[in-house]
Amino acid sequence: MTDNVLEIRDLHVTFDTPSGPLEAVRGVDLDVASGELLGVVGESGSGKSVTFLATMGLLPARARVTGSVMLAGEQLIGASSKQLRSVRGRLLSMIFQDPLSALNPVHRIGDQISEMLRSHQNLSARDAQKRAVELLDIVGIPQPSDRARQYPHEFSGGMRQRVVIAIAIANNPKVLIADEPTTALDVTVQAQILEVIERVQERFGTAVVLITHDLGVIARVADRVNVMYAGRNVEQGTIDSLFDHPSHPYTRGLLASLPRPSKQRLKPITGFPPNMLNPPSGCAFHTRCEFAADICKGDLPNLVSFGDLETACVRARDLPKSESFA
Amino acid sequence: MSEDLLTVTNLVKNFELRVNNGARRKKRIVQAVTNVSFSVGKGQTLGLVGESGSGKTTVGRCILRLIEPTSGSVEFEGQDLGALKFEELRALRRKMQIVFQDPFASLDPKMTVGASISEPLTVQNVPGDHADKVIELLELVGLSADHAQRFPHEFSGGQRQRIGVARALALNPALIVLDEPVSALDVSIQAGVINLFEDLQSRLGMSYIFIAHDLSVVRHIADRVAVMYLGKIVEIGEQQAVYEHPTHPYTKALLSAVPLPDPKTERSRHRIMLEGDVPSPVNPPSGCRFRTRCWKAQDVCAQEEPMLTIRPSGQMSACHFPES
Amino acid sequence: MSKQDSGVLSPRQMAFRRFVSHRAAVVSCLIIGFLTIFVIFAPFTARYGVNQSVQGPPNSFLSPRANAWLGTDDIGRDLYSRLIYGVRVSLLIGLASAIISVTLGALVGSVAGFRGGKFDDIMMRVTDLFLAFPFLVTLLVVRNVLGALPWLRPITGDMSSVRFIIVLFGLFGWMGVARIVRGQVLSLKEREFVEAARAVGASRRYIIARHLLPNSVGPIMVALTFSVVGAIIGESTLAFFGYGPQAGDGATSLGILVGAAKGAVQTGFWWLAVFPCLMLIVIALSINFIGDALRDATDPRLDRGV
Chain Y
1 MTDNVLEIRD LHVTFDTPSG PLEAVRGVDL DVASGELLGV VGESGSGKSV
51 TFLATMGLLP ARARVTGSVM LAGEQLIGAS SKQLRSVRGR LLSMIFQDPL
101 SALNPVHRIG DQISEMLRSH QNLSARDAQK RAVELLDIVG IPQPSDRARQ
151 YPHEFSGGMR QRVVIAIAIA NNPKVLIADE PTTALDVTVQ AQILEVIERV
201 QERFGTAVVL ITHDLGVIAR VADRVNVMYA GRNVEQGTID SLFDHPSHPY
251 TRGLLASLPR PSKQRLKPIT GFPPNMLNPP SGCAFHTRCE FAADICKGDL
301 PNLVSFGDLE TACVRARDLP KSESFA
Chain B
1 MSEDLLTVTN LVKNFELRVN NGARRKKRIV QAVTNVSFSV GKGQTLGLVG
51 ESGSGKTTVG RCILRLIEPT SGSVEFEGQD LGALKFEELR ALRRKMQIVF
101 QDPFASLDPK MTVGASISEP LTVQNVPGDH ADKVIELLEL VGLSADHAQR
151 FPHEFSGGQR QRIGVARALA LNPALIVLDE PVSALDVSIQ AGVINLFEDL
201 QSRLGMSYIF IAHDLSVVRH IADRVAVMYL GKIVEIGEQQ AVYEHPTHPY
251 TKALLSAVPL PDPKTERSRH RIMLEGDVPS PVNPPSGCRF RTRCWKAQDV
301 CAQEEPMLTI RPSGQMSACH FPES
Chain F
1 MSKQDSGVLS PRQMAFRRFV SHRAAVVSCL IIGFLTIFVI FAPFTARYGV
51 NQSVQGPPNS FLSPRANAWL GTDDIGRDLY SRLIYGVRVS LLIGLASAII
101 SVTLGALVGS VAGFRGGKFD DIMMRVTDLF LAFPFLVTLL VVRNVLGALP
151 WLRPITGDMS SVRFIIVLFG LFGWMGVARI VRGQVLSLKE REFVEAARAV
201 GASRRYIIAR HLLPNSVGPI MVALTFSVVG AIIGESTLAF FGYGPQAGDG
251 ATSLGILVGA AKGAVQTGFW WLAVFPCLML IVIALSINFI GDALRDATDP
301 RLDRGV
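Residue numbers (this note's numbering), protein chains in the order written: chain Y, 1 to 326; chain B, 1 to 324; chain F, 1 to 306.
In case anyone wonders, no lab produced these hints; they're calculated from the structure. Among the hints, erroneous ones may be present.
As the list claims (entries may be wrong) - In silico DSS-like links for lysine-lysine, alpha-carbon gap of 30 Å or less: (1) F:189 / B:133; (2) B:252 / B:264; (3) Y:267 / B:42; (4) B:95 / Y:263; (5) B:27 / F:118; (6) F:189 / B:110; (7) B:264 / B:296; (8) B:95 / B:110; (9) F:118 / B:85; (10) B:133 / B:110; (11) B:42 / Y:263; (12) B:42 / B:252.
If you're wondering where the values come from, they're calculated on a predicted model, not measured in any experiment.
Based on the sequences and whatever the hints tell you, model everything.
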């Protein structure tokens, strides 16, 4: 049993909105093993981003967070800001979709990396600068010592994202959370960034959580996948198992709705994304599920073992065998 | 070919950028679209793919004359759009329509859905009661009649896109430019909207120009595909030929970069990684514009611009050293 | 089925709800509303005529008392009544000139923003020119220039009349509004629903009238409220220096009353300073609160829905 570097248990996140309380995360359990790349897949309302923003402690004060998040033995929920600040950037880092807003436009790139280094490590300014240049090289920026002296606006989108990755891994964190890091990038640049993430992982043994809605990206880089819907997990498993014999109707629906070279008619998932102000009872997917039965409207289903997968579909064994998407 | 619905010949669009570099004011020219030519037949779908800076969105807008081309001709049903005066163009607008990418910005938030859908009818002074037509259109795109009184903010992204499609259909156009119509939608919703496009086409017989950066979606819906890079078409041909036997290095790299939802293929296939980023359309490279990122580039690529040439599988591509 | 089955709420209704959630603004509305009604019925609410002495001499500079609630001025007139008539004049000036300047400004701004090009450049340079001069100096210069042109008399009336001041502020205040509206139009013009209208063959006029102006109502209303405040304070400023509206028959404005406060501070007749200034502050603050709440209520980013 590989040891888990991040363990999330029964996470609940509720927002107070003008229209009432909105529970964005409704009881999520998640493990991230050391060195693995976990893909977290979901669409609007799935709660995938909020789960990890809560883990980082980056949600606004009006968000109510309960549950447990253990990172390398430390409890993050309810931790003091001082404790969180010491953890962020050192043990746990997060990168986002838009690299431009993550970088300070009036500071040089090299300085921004140094700042990250020196806030957690006891380095002299010169050593930090040296290390910054090394990091730029690791993420594949050509002429790193020259470029370290440049400002963010002098970099293109893909390059900026590499810089953001460099800052995130500067202190060799145990976990890197990447929230839709390539969604805003061109597809050829996306391929480069995914390669950088894989390279970093190989070199430093960092565990990576890749949050995305793109199943192709997952297929390319993930070791394990966690599928979320309406604030809960619905399926979990290794990448090959999940694609070969998905057990949950939502996962099957997602896979069936993607265009494939065979040009078969696409099978959309009927219905609409869930209204998180008032989600459906029981298994929230039942309103859109072709296999829904009365039992599905009852209790909130938990993940249970099902072959080599974990599924939250209470009717998993009654479903017809799925086609393989592998 | 005269039987084609739309023929674009040597379309050029340059934008002027006024850059203030301190005291100096330089005028730079962005060569957004350079010498693009293609045609679309009746009932056909042409996919226009490319990344940022490729010029594909600009091409779409030039066709509809939302932007004035710098030069080149756009012929629709045999008529040269550039030669038309405002009133004549207005009449022709009934036959060409557009669906936009952003479902949030494409509908006027202050107008009811019904008013937005019937706007084309109002502007074009179509006689008669529009209310019936609005209901017909709403049902055609899978929404219901009582949605007409509601406002855009009450609908989800996918529904708003459908409303945009309903609006585009109001005048029974012969050609619809679809500008990244599903990119902003959730994956599970995209499928429904794509099916809608296909169904409408088989029912009503209009042509599509499908502009997208998502190659899988384009592959699914397009009959012919044009691949654009930095304002030029680098490869164009039947969809199957382009996807299965790409001849231009960029097409190959592009196809290689697209992640397919299929772990076994993904991990086993050979990937072509392009170096660097897309150069700026302000100063495109001389000769072949792709040469700065091309692994096959040689001297001739910088000196001589390759012309679109027909290849064995039937498509055309512009390269001195095409892939086989 | 739409994603929210709550009742159909138009954007206007949503904006109204947002406005009403600003308590300061609601209170301000009540205050201004009450004041307006109060001063409209001035003949009934005031106790004395605007030029009428409270009693026979001695009647000047009487402190607040039973027959003169807020005291009297230098020639024995009831301050309370004069305040009512004064506020009436000032509110009239504020509202009328704001309507003129906002109408002018919205027209110029929307056309400049939409057409762009040379027209836009010229209009904006003119605007910048006016905005560059110090407020007071320009006000006085323009006042004298306008007053010196005899052919304007029919429109503006005499230099000391209320009408003149309304025209002055109307002509003076459109520039700021034009800028605001132009900015709004510039950002709206690129929005896809405008492109969609163009794609269908809509004329420029149609687009401005049907799409751009309705979506600019927010900033326009905000500009309106701030114009009102600007005009009222501007009128007070003019009056303070002695250029206020004087009709010779004792008619007064809030500005004149505030202007008279100058002398009152030194001589100890505090009521002549305190009450007019307090009134000015209350009115200006209230309108400001309303303007702020309007700005929040009509924030276009909220049009995306919850």
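Status of each hint after checking the structure:
Among the hinted pairs, residue 189 (chain F) with residue 133 (chain B) is consistent with the structure: their alpha-carbon atoms are about 28 Å apart, no more than 30 Å. Distance hint between residue 252 (chain B) and residue 264 (chain B) is fulfilled; the C-alpha atoms sit about 20 Å from each other, no more than 30 Å. For the hint pairing residue 267 (chain Y) with residue 42 (chain B), the CA-to-CA distance comes to about 27 Å; that is within 30 Å, so the pair holds. Proximity of residue 95 (chain B) to residue 263 (chain Y) is assessed by CA-CA distance (about 29 Å); at most 30 Å being required, the pair is judged to hold.
Between residue 27 (chain B) and residue 118 (chain F) the alpha-carbon distance is near 17 Å, which keeps this suggested pair within the 30 Å criterion. A hinted pair counts as satisfied when its Cα atoms are at most 30 Å apart, and residue 189 (chain F) with residue 110 (chain B) qualifies at roughly 15 Å. For the hint linking residue 264 (chain B) to residue 296 (chain B), the alpha-carbon distance of about 29 Å falls within 30 Å, and the restraint holds. With a C-alpha separation of about 27 Å, the suggested pair residue 95 (chain B) and residue 110 (chain B) falls inside the 30 Å cut-off, and the hint holds.
A threshold of 30 Å between alpha carbons decides the hint, and for residue 118 (chain F) with residue 85 (chain B) the separation of about 23 Å falls inside it, so the pair holds. About 21 Å separates the Cα atoms of residue 133 (chain B) and residue 110 (chain B), which keeps this hinted pair within 30 Å; it holds. Restraint check for residue 42 (chain B) and residue 263 (chain Y): the C-alpha separation of about 21 Å stays at or below 30 Å, so the hint holds. Taking the CA atoms of residue 42 (chain B) and residue 252 (chain B), the gap is about 29 Å. The hint holds against a cut of 30 Å.
Comparing the model with each numbered hint stated earlier shows that all of them hold.
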